[in-house]
Structures are given as C-alpha cells and as structure tokens.
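Asker: Next come the chains, spelled out residue by residue.
Protein chains: 2
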Amino acid sequence: MQNMITVAVDAMGGDNAPGEIIKGAVLAVQERKDIKVVLTGDEDIIRKELGSYDYDKERLQVVHAPEIITNCEAPVLAIRRKKNSSIVVALQMVKNKEADAFVSAGSTGAVLAGGQLIVGRINGVERPPLAPLIPTMNGVSLLSACGANVDARSSHLVQFARMGSIYMENILGIKNPRVAIVNIGAEEEKGNLLVKETFPLLKSCNDINFIGSIEAREIPNGAADVIVCEAFVGNVILKLYEGLGTALVKKIKTGLMSTTKSKIGALLCKTALKETMKDFDATKYGGAPLLGLNGLVVKTHGNAKSNEVYNSILQCVTFTEQNINDKIRNNLNKNE
Amino acid sequence: MQNMITVAVDAMGGDNAPGEIIKGAVLAVQERKDIKVVLTGDEDIIRKELGSYDYDKERLQVVHAPEIITNCEAPVLAIRRKKNSSIVVALQMVKNKEADAFVSAGSTGAVLAGGQLIVGRINGVERPPLAPLIPTMNGVSLLSACGANVDARSSHLVQFARMGSIYMENILGIKNPRVAIVNIGAEEEKGNLLVKETFPLLKSCNDINFIGSIEAREIPNGAADVIVCEAFVGNVILKLYEGLGTALVKKIKTGLMSTTKSKIGALLCKTALKETMKDFDATKYGGAPLLGLNGLVVKTHGNAKSNEVYNSILQCVTFTEQNINDKIRNNLNKNE
Chain A
35 MQNMITVAVD
45 AMGGDNAPGE
55 IIKGAVLAVQ
65 ERKDIKVVLT
75 GDEDIIRKEL
85 GSYDYDKERL
95 QVVHAPEIIT
105 NCEAPVLAIR
115 RKKNSSIVVA
125 LQMVKNKEAD
135 AFVSAGSTGA
145 VLAGGQLIVG
155 RINGVERPPL
165 APLIPTMNGV
175 SLLSACGANV
185 DARSSHLVQF
195 ARMGSIYMEN
205 ILGIKNPRVA
215 IVNIGAEEEK
225 GNLLVKETFP
235 LLKSCNDINF
245 IGSIEAREIP
255 NGAADVIVCE
265 AFVGNVILKL
275 YEGLGTALVK
285 KIKTGLMSTT
295 KSKIGALLCK
305 TALKETMKDF
315 DATKYGGAPL
325 LGLNGLVVKT
335 HGNAKSNEVY
345 NSILQCVTFT
355 EQNINDKIRN
365 NLNKNE
Chain B
35 MQNMITVAVD
45 AMGGDNAPGE
55 IIKGAVLAVQ
65 ERKDIKVVLT
75 GDEDIIRKEL
85 GSYDYDKERL
95 QVVHAPEIIT
105 NCEAPVLAIR
115 RKKNSSIVVA
125 LQMVKNKEAD
135 AFVSAGSTGA
145 VLAGGQLIVG
155 RINGVERPPL
165 APLIPTMNGV
175 SLLSACGANV
185 DARSSHLVQF
195 ARMGSIYMEN
205 ILGIKNPRVA
215 IVNIGAEEEK
225 GNLLVKETFP
235 LLKSCNDINF
245 IGSIEAREIP
255 NGAADVIVCE
265 AFVGNVILKL
275 YEGLGTALVK
285 KIKTGLMSTT
295 KSKIGALLCK
305 TALKETMKDF
315 DATKYGGAPL
325 LGLNGLVVKT
335 HGNAKSNEVY
345 NSILQCVTFT
355 EQNINDKIRN
365 NLNKNE
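Chain order of the listed sequences is A and B. With my numbering as the guide, the letters of the first sequence map in order to residues 35 to 370. With my numbering as the guide, the letters of the second sequence map in order to residues 35 to 370.
Please keep in mind that the hints were generated in silico from the structure rather than gathered at the bench. Be careful, since some hints might not be right.
All copies of an identical chain are treated as equivalent in the list; a pair is satisfied when it fits inside any one copy or across any two copies.
Unchecked claim - No more than 25 Å apart at the CA atoms, straight line, and that leaves these computed lysine-lysine pairs for DSS-like:
#1 Lys230 / Lys285
#2 Lys237 / Lys312
#3 Lys224 / Lys129
#4 Lys361 / Lys304
#5 Lys284 / Lys273
#6 Lys285 / Lys273
#7 Lys318 / Lys82
#8 Lys70 / Lys295
#9 Lys284 / Lys131
#10 Lys57 / Lys312
#11 Lys57 / Lys287
#12 Lys297 / Lys287
#13 Lys91 / Lys224
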C-alpha cells in the first residue's frame, strides 16, 4: 500500500477564499487516493462550502481556526498573537508532523515568517529561499530567491543554488540543472559586491552545474534552470514578469480590437493564441516553495484559483515522495 | 538667429555602424537647420558612406579617429589607451566645448567611463546616473539609474531622483513628475537597507514630487514618471523589459502561425497590432542620457537604427536648449 501524504491547506487565505481554495482541495482528494487534506479556518464556513461536494470524508478533514491574518498586519507580530489563525494552526500541524506540508494563498509575509518561526529550518540552512517557478520560452525556471528576506550574504546565495538545484532535479525532473547567477553582464569581473563575492564560491561547488552569470534579458529564453539572486532582485524579477506580461497582453488586446478588420482577425486567432499563451503560465506547476524547512510550506498567488491550489497540493506530494528535505540535509552535511 | 547646437556622433559604434549611424546623422542635419553634427571615426570609411547623401557640408563634418573601442575591452583601460578612438575624440570635443553633446551606440562601459573621466561631473554630482526611458501603457518613464555603476549609496539615489525629475519635466514636458523608489512592497517599512535609508531622505525633498514605493509590477502601468533605483536593480529591470517583450512577441507570433485559421486571422490583425505595439517602443524618444556631466552623453542601443540615432541627436538639442545642466547645477547648489 502506498503512503498517505497529508497537506494542510489554509482555507481562508487569498482573494478567492474560501470558495476556490476548497474547490482545489476537493479536486485533489477526488483525483488522488494517496492524498489527505486538512482544511484550516472557520469550521462553519468551510463545512457550508463543502456541502456542495462529494468526497471521501476520511481524507478531507477540517480543523477549526477562527482567526484570520490579513495582508495588512505585521507578519511576525500576527504569527505570535493569532495562535488560532488558519495559518498558525496549519503550521503547527507541520511542526508536529501531523501534516507533511502546508499550502496558503494568504499573506506572503505571514506564511514566510511563520514557516521559519514555527516549522523551523533544517539544521545547517542559514536562510530558507522562497523559490517561485517562472515561465520561459521552453518551460520553466526556478527563481531562488524572491521574497521579503532581503540583503542576503554570499553563503546564503550558495545555499539558494544548492537547494534550487535539488528541487529542479527531483520535482521537475531536469537532470543536472543549469544554475546561473543574475548579473549585469556575462563576464566574471562584472557585478555588484555580492555577486562578485558569490561567483567564485558557486564556481567551486562540485555538486551543482554552475554555468556563470545570466543577464535578465536571457531569463525569458530559459537560459538557466535555477536562477540565483538576492531576494530583493528576485522580487523585482517576479513582479516585473507578472506586470509586463499583463500589460503586453492588454496592449495586444487593444490592438486586436482597434479596427473592424482586426476584430474579425482576432476571432480567428483567439483559440490558437490562447493555446500558445498557456505555455507561459507557471501556475500549472503549483506555488512557490519555501525551501529548507523541516517540512514544506508552499505559497500560491493571492489570486489563486482552484487549479493552482490543486497543483500546489500535488507539488507537496511529489516533494514529500522524493524526500527533498533528506536530500537537502545530506547535501548540506556533505558540503559544509 | 537661433543658436547652433553641435552634437558629436560616434560613427563607428554599434551593430549597425557606420551605415545606420551616418544615415541618422544626415537625417538630423537635413531636417533641422539648428543642428551641426560631427561624425568621429575612420575618415575614409565615413566619407565613402556620406557620398550617397545630399546634405549641408557646413553642418555635417568629419573628424578622423582611426581607433575603435570594442565591447570586449576593459572600459577604463580602453579610454586611457585609445586616445584616437571615435569615443575618446568625441568626448574630448565635449570637454573642450567644441560639442554640446555626444551620441554613441558603442561600448556602454567605455561611453560611461569616458563620460566621467573625460567630460567630468558637474560640481556636487556624486555619481552620474545612466537613465534610459522605458515604455509604459500610457507613455514612458525614466529609469534612474541603470548601468554598470552599482552599489550606490542613499545620497546617490536622492541625486538620481532630482536629476531624473528635472529631465522629465524639461525634456518630456511632464509637469511635477511623480518620483517613486523601486521596492518589494508599498509600505514604508518594507525594503532592503538601501531603500529603507533612502525613503525618508526622498520624503523630505521639497523639490521633487515623491510618491513613495513602487513595486516592479506597477512599472509597466506607468505608475511613476521617474523610477529611482540602484543601478544593478535598474539593469535587471531594463534587460528584463527587453527580454520579456521580445519573448512574448515571439510567443504570440508562434500562436498566430499555428493553424490555418489563425494565419488568416493574423493577416487581418497585422496592421492594427503593429500600430499598437509602436507605443511600446521607447527608442522614438532617443537614447539613455548619462546625467550630471559637464555636457551631455547619450548612449543608444547597440542595435540602434538610423531613426534612434536621429531621435538621440534631437534629444541632445532639447537638452541643451532647455539648459538642463544649469538646472541641475542650481538644484544641487540650493539643496546641498
């Protein structure tokens, strides 16, 4: 018999909670017999929503957590004060090994702070990177790191590279993933102080396939599988990716709707265009993992729909089955 | 009689030199009677190229500069050693007030290093920002700064904001331009050390319209007119803008060509799409100025065509006519 993997899901986090979150959780339990989901949040609200679905009640449970942490609250303070929030209750389950992983579309700050404060880091991990997948012309790359945990040291970046590499090899199945550091030119002598300090360290790592610097221009071309950077820079990359993508698509739509002739043309192109643009959507791979914790914490987009929640739950299953954390533990023990 | 403005142009720099560069220079002289252009580079090559054009020989001259600085050379060393290069000869003209400005599509590093070493900074300017214009949904924003001059201090960023503001007000005609600092969230307490240090300084500047933080997601929406950041981050923004734009357009073309139906649709949309996408092209405003020098140095794209060269020459004229450098000088004297 296969092992059952338990994923705690924050039913109250995100713009489309609880409806889309619960829909995604139900879908995961319906589709896969090896998954157990625990929804945390206001029990009455969740039960009411669940009423419209048919599912295995043994494998989809509810744990009451009446408090909600909002995006406006200071993350660390909120984690400390709101012990009965959907986020804290779920993270406690991961800490106590009652759950293998946690998925939330709620406050990024609270999820990241809580992951570190409650679940805790793997021994030897200096800083856990939030590592989202970003779409490229030929697939997807891992951006390690991105988030609120800025002003990293070079030793952090080396760990971001190692953990990112393990993730891409085992979760995405990319053999010997190409690791590159974000820089302002391809030459080794270019860069800011942090990059200049990190470059030779990455070069001397025998356990990763370091290919050197990557200019931001090359990221959308999929020029590396793991993109290493300090979280402030990673945040700029991720947000600009989203913002520019949306802006260009809006611009193109305006163009298509601008003349009668183009409107007819647009009708004819619509299906084909939609199909191609699907490739440029990273949500099908799930959310962004916070790597290096004693468990797994996955942050999905604030506007996540059921499909992204479903994919994030599946991502947790692969992560657990592949023993990613043991691999990270072994790698760090061997190298540090 | 109006004043004649002299622009030195590097005839040998860029992927399309000398053909497109010379074409752009001829165009500028043909279109405007108040412009004089001095082309620097190999005289024989330039004269041969000029042979096919009709132009006012008084206002389009050639200064022989047989050496060429390539992209592969270390910038500072190349500037020091190649005294007879098209870049150094032109910069010397700006220094000696024989030219008001310099335009080059050549090595960015050499142009920036040479601008500072030869032309020199305005008294009080701590660091000259390279400030390209980037396209947005409703026009264009100035990215101050972007380039190789990384690891800035907060006082540099304040000057980037001031100079950028003067540029946008006087060159683009945007009254009271909105200035924002690139950050990972909208709240004042967010950011890395540099941003946290710079934020209150910008807030206390009475001479600029500081509107707070801008997330990278909002840049394409034109949420600020002057986008202040450290040059490493600015470089990532600029390069990702270019790379992602190209990648998405390529993806859309693939989509349009994927079925017979979509191919017919594409034919009908083509003109309208092209027209709309023109808005998303910042080269019509010219190149990126290096602000804060005793003169003006403009870096155009390496792949600049005649039209961008032409627009860059016009940009130099407006810059000189508007006495931007006097305005920068007065502003710094008043505030520091």
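Asker: Each of the hints needs a verdict: does it hold here or not?
Answerer: A quick look at each hint next to the structure:
no. : hint            : in the structure
1   : Lys230 / Lys285 : neither (39 Å within a copy, 34 Å between copies)
2   : Lys237 / Lys312 : neither (35 Å within a copy, 42 Å between copies)
3   : Lys224 / Lys129 : neither (42 Å within a copy, 28 Å between copies)
4   : Lys361 / Lys304 : neither (44 Å within a copy, 51 Å between copies)
5   : Lys284 / Lys273 : both (17 Å within a copy, 21 Å between copies)
6   : Lys285 / Lys273 : both (18 Å within a copy, 20 Å between copies)
7   : Lys318 / Lys82  : neither (28 Å within a copy, 58 Å between copies)
8   : Lys70 / Lys295  : neither (53 Å within a copy, 45 Å between copies)
9   : Lys284 / Lys131 : neither (45 Å within a copy, 47 Å between copies)
10  : Lys57 / Lys312  : within (21 Å within a copy, 42 Å between copies)
11  : Lys57 / Lys287  : neither (30 Å within a copy, 35 Å between copies)
12  : Lys297 / Lys287 : both (10 Å within a copy, 17 Å between copies)
13  : Lys91 / Lys224  : neither (58 Å within a copy, 43 Å between copies)
Of the numbered hints stated above, those contradicted by the structure are hints 1, 2, 3, 4, 7, 8, 9, 11, 13, listed in ascending order.
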